[in-house]
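*Asks:* Taken in sequence, the protein lines are chains F and X. The numbering of the first sequence is the working numbering, which starts it at 69 and goes up by one. The numbering of the second sequence is the working numbering, which starts it at 69 and goes up by one.
One or more hints might be untrue.
Since the list gives no way to pick out one identical chain from another, each pair is judged satisfied if it fits inside one copy or across any two copies.
[Stated by the list, open to error] Only pairs whose alpha carbons sit at most 25 Å apart, straight line, appear in this in silico SDA-like list of lysine to any residue:
no.	residue 1	residue 2
1	K356	R223
2	K289	P237
3	K106	D376
4	K349	A162
5	K339	P237
6	K339	G80
7	K339	I144
8	K146	H110
9	K349	L143
10	K349	G140
11	K125	D91
12	K125	V284
13	K339	G243
14	K349	F161
15	K93	K356
16	K349	G245
17	K281	R108
18	K281	G172
19	K339	P241
20	K125	I94
21	K106	G160
22	K339	A100
23	K349	I144
24	K339	E224
Think of the hints as simulated: they come from the structure by calculation, not from any bench.
Single-letter residue listing:
Number of protein chains: 2
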Amino acid sequence: MTQYSIGVDLGGTNLRAATVDQDGKILAQVSASTSPEKGRDHVIGELVDCIQELRSKQTEGRFAGVGIGVPGFILIDKGIIVGSNNLAFLEGFALRDDIERRLGAPVILENDANAAALGESWIGAGADVDDLVLLTLGTGIGGGIIYNNRVMHGREGMAGELGHITVVPNGNPCGCGNVGCLEKHASATAITCTAELMKVTNHPNPTAEDIYKLAVAGDWKAQQIFRSMGEALGVALATLINTFNFPLYLLSGGPLPAWDYFAPAMMDEVKRRSFTFRNTKTRIEKAKLGGQAGLYGAAYLPFQAQKDRP
Amino acid sequence: MTQYSIGVDLGGTNLRAATVDQDGKILAQVSASTSPEKGRDHVIGELVDCIQELRSKQTEGRFAGVGIGVPGFILIDKGIIVGSNNLAFLEGFALRDDIERRLGAPVILENDANAAALGESWIGAGADVDDLVLLTLGTGIGGGIIYNNRVMHGREGMAGELGHITVVPNGNPCGCGNVGCLEKHASATAITCTAELMKVTNHPNPTAEDIYKLAVAGDWKAQQIFRSMGEALGVALATLINTFNFPLYLLSGGPLPAWDYFAPAMMDEVKRRSFTFRNTKTRIEKAKLGGQAGLYGAAYLPFQAQKDRP
Numbered sequence: 069m070t071q072y073s074i075g076v077d078l079g080g081t082n083l084r085a086a087t088v089d090q091d092g093k094i095l096a097q098v099s100a101s102t103s104p105e106k107g108r109d110h111v112i113g114e115l116v117d118c119i120q121e122l123r124s125k126q127t128e129g130r131f132a133g134v135g136i137g138v139p140g141f142i143l144i145d146k147g148i149i150v151g152s153n154n155l156a157f158l159e160g161f162a163l164r165d166d167i168e169r170r171l172g173a174p175v176i177l178e179n180d181a182n183a184a185a186l187g188e189s190w191i192g193a194g195a196d197v198d199d200l201v202l203l204t205l206g207t208g209i210g211g212g213i214i215y216n217n218r219v220m221h222g223r224e225g226m227a228g229e230l231g232h233i234t235v236v237p238n239g240n241p242c243g244c245g246n247v248g249c250l251e252k253h254a255s256a257t258a259i260t261c262t263a264e265l266m267k268v269t270n271h272p273n274p275t276a277e278d279i280y281k282l283a284v285a286g287d288w289k290a291q292q293i294f295r296s297m298g299e300a301l302g303v304a305l306a307t308l309i310n311t312f313n314f315p316l317y318l319l320s321g322g323p324l325p326a327w328d329y330f331a332p333a334m335m336d337e338v339k340r341r342s343f344t345f346r347n348t349k350t351r352i353e354k355a356k357l358g359g360q361a362g363l364y365g366a367a368y369l370p371f372q373a374q375k376d377r378p
Numbered sequence: 069m070t071q072y073s074i075g076v077d078l079g080g081t082n083l084r085a086a087t088v089d090q091d092g093k094i095l096a097q098v099s100a101s102t103s104p105e106k107g108r109d110h111v112i113g114e115l116v117d118c119i120q121e122l123r124s125k126q127t128e129g130r131f132a133g134v135g136i137g138v139p140g141f142i143l144i145d146k147g148i149i150v151g152s153n154n155l156a157f158l159e160g161f162a163l164r165d166d167i168e169r170r171l172g173a174p175v176i177l178e179n180d181a182n183a184a185a186l187g188e189s190w191i192g193a194g195a196d197v198d199d200l201v202l203l204t205l206g207t208g209i210g211g212g213i214i215y216n217n218r219v220m221h222g223r224e225g226m227a228g229e230l231g232h233i234t235v236v237p238n239g240n241p242c243g244c245g246n247v248g249c250l251e252k253h254a255s256a257t258a259i260t261c262t263a264e265l266m267k268v269t270n271h272p273n274p275t276a277e278d279i280y281k282l283a284v285a286g287d288w289k290a291q292q293i294f295r296s297m298g299e300a301l302g303v304a305l306a307t308l309i310n311t312f313n314f315p316l317y318l319l320s321g322g323p324l325p326a327w328d329y330f331a332p333a334m335m336d337e338v339k340r341r342s343f344t345f346r347n348t349k350t351r352i353e354k355a356k357l358g359g360q361a362g363l364y365g366a367a368y369l370p371f372q373a374q375k376d377r378p
């Protein structure tokens, strides 16, 4: 092994970090709780300790740097997080530069969904293509666009906010100010809230998995929720396919096990709404790396940055 | 002047060709009717004659090659047109190779909306940015996506089919198989057909300009048509802005003079549906090159291809 990097997945409650080699093999992994209540300095200290621990264990190979995936927008040029509900205490702080100073090593910040898309592109479901779109179905819906094997950032780093594509012009209101955003009709949260709206179950706070189990058991309301979710995904995917003509569109996240319940409606919409889909070999598939995608993508960032240097 | 190229805009009824220098100055221009009824060989012969005529006139500078903008999809690798309603007689024919053989010079084919977007990016409304999206409002709505100063093609060359973004999930049926496509709610044709549907005027076959004049004269139905068109454009633009986070989105085509009648509704939708728009310096503007944009973009293609050669 000639080189290794350290990838970090920094969430609102947990952080995970892994030493990864150039072939995408995880050599060591640690995790810690984020404890935002202890303040910014504590969280960054914890993060830096995890990275230092991994570095001290790694005796072989050259250290390429650190990649960190975080929820929220990244002002890419500045290495600053803005608009992260889960990491509000990092808002506007020069996070990248602070971590670089503490570590004495190069650090790259990336949006978590972008990092996951890059991970899938590197060694996951998209390893055989150069261009793909990933939708991460969770509390919200994140998006990552990979073009020529790189994250598309847009000018401020806000490209790929695909959870906020309008799929129902007069649909459910969204915290972003819009109504009918994809994530208000097809996220895990959309599934559980619609289930409450429809009184699908008497259980308090049902999870998307609970609704899935009801669908499997034959509950028609639960099945209808997944059909509706599939339709919303289909409208968004057709738009993305007509826009990009990429070979691959990936879905990941908690609701994936319910694929057989939402995918038929999703594919019906895609076929109807995209002649590009009907006339090309466009694949819509499950992502492969699960919850590790962001960690792999983050770890790949320092390797990719190295290729760019003259 | 060190170099020149020849750009061609090949339409269903007319073709225009121009000699253009590296600064985007038109040195000479010719046009001819396309006469599809005389057959493929005749049309290609006419096209090649126009190009030869321009070449023979040009005594100074090195000839960089020919770029041709055509309606329809281009299988970019093969230089073949598919799915062009206006040039059905060229369907599936190895057009690029045939013209190259007749001319003995390099030829690049490009979709007409992509060529127009590239023209605006080169010396038009987008000369100051690297990334933009252009929507051409005509019989249908074409789209061109410029990223890092280049056309985004997607795998088969079908990227940028932005007229077929779904903006009204249960809207007007489209020839593409979808319902509620942007072009069925915001093209010049959508304006005139909606006017007929609403019995805005007794004139047979009103044009978009006629409806515009009625709006200016205070006709509330005509004004409502442009508001509705603006809303449809706004939904599509918000989706594009959330997807790309590009600095610039351009509109061109016949309905542009009605800007004051459709833009307010369009901007209201964009503001509501895109927090990226509200939080960044994103511009939505009129394109500058009018009907010449495609000609400029086509002429730029040989210059751009030259930069790629090692």
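*Asks:* Each of the hints needs a verdict: does it hold here or not?
*Replies:* Now the hints, each set against the structure:
1. K356 - R223: between (29 Å within a copy, 22 Å between copies)
2. K289 - P237: both (23 Å within a copy, 22 Å between copies)
3. K106 - D376: For K106 and D376, neither the intra-copy (38 Å) nor the inter-copy (53 Å) Cα distance is at most 25 Å.
4. K349 - A162: Only across copies: K349 and A162 sit 22 Å apart there, 43 Å inside one copy, limit 25 Å.
5. K339 - P237: Both: 21 Å inside a chain and 14 Å across chains, each within 25 Å.
6. K339 - G80: Neither, since 38 Å and 29 Å both go past 25 Å.
7. K339 - I144: This pair counts as between: shortest inter-copy Cα distance 24 Å, intra-copy 36 Å.
8. K146 - H110: Answer is within: at 22 Å inside a copy they meet the 25 Å cutoff, but 58 Å across does not.
9. K349 - L143: between (35 Å within a copy, 14 Å between copies)
10. K349 - G140: between (33 Å within a copy, 19 Å between copies)
11. K125 - D91: within (19 Å within a copy, 58 Å between copies)
12. K125 - V284: Neither. Shortest intra-copy (46 Å) and inter-copy (74 Å) distances fail the 25 Å Cα cut-off.
13. K339 - G243: Only across copies: K339 and G243 sit 14 Å apart there, 30 Å inside one copy, limit 25 Å.
14. K349 - F161: between (44 Å within a copy, 21 Å between copies)
15. K93 - K356: Intra 15 Å, inter 52 Å, cutoff 25 Å: intra-copy only.
16. K349 - G245: between (36 Å within a copy, 18 Å between copies)
17. K281 - R108: So K281 and R108 fail the 25 Å test inside a copy (40 Å) and across (61 Å) alike.
18. K281 - G172: neither (49 Å within a copy, 67 Å between copies)
19. K339 - P241: between (27 Å within a copy, 15 Å between copies)
20. K125 - I94: Intra 13 Å, inter 65 Å, cutoff 25 Å: intra-copy only.
21. K106 - G160: This pair counts as within: shortest intra-copy Cα distance 18 Å, inter-copy 66 Å.
22. K339 - A100: neither (44 Å within a copy, 40 Å between copies)
23. K349 - I144: Classified as between; 16 Å across copies, 33 Å inside a copy.
24. K339 - E224: between (33 Å within a copy, 17 Å between copies)
Going down the numbered hints, you'll see the structure goes against 3, 6, 12, 17, 18, 22, while the others check out.
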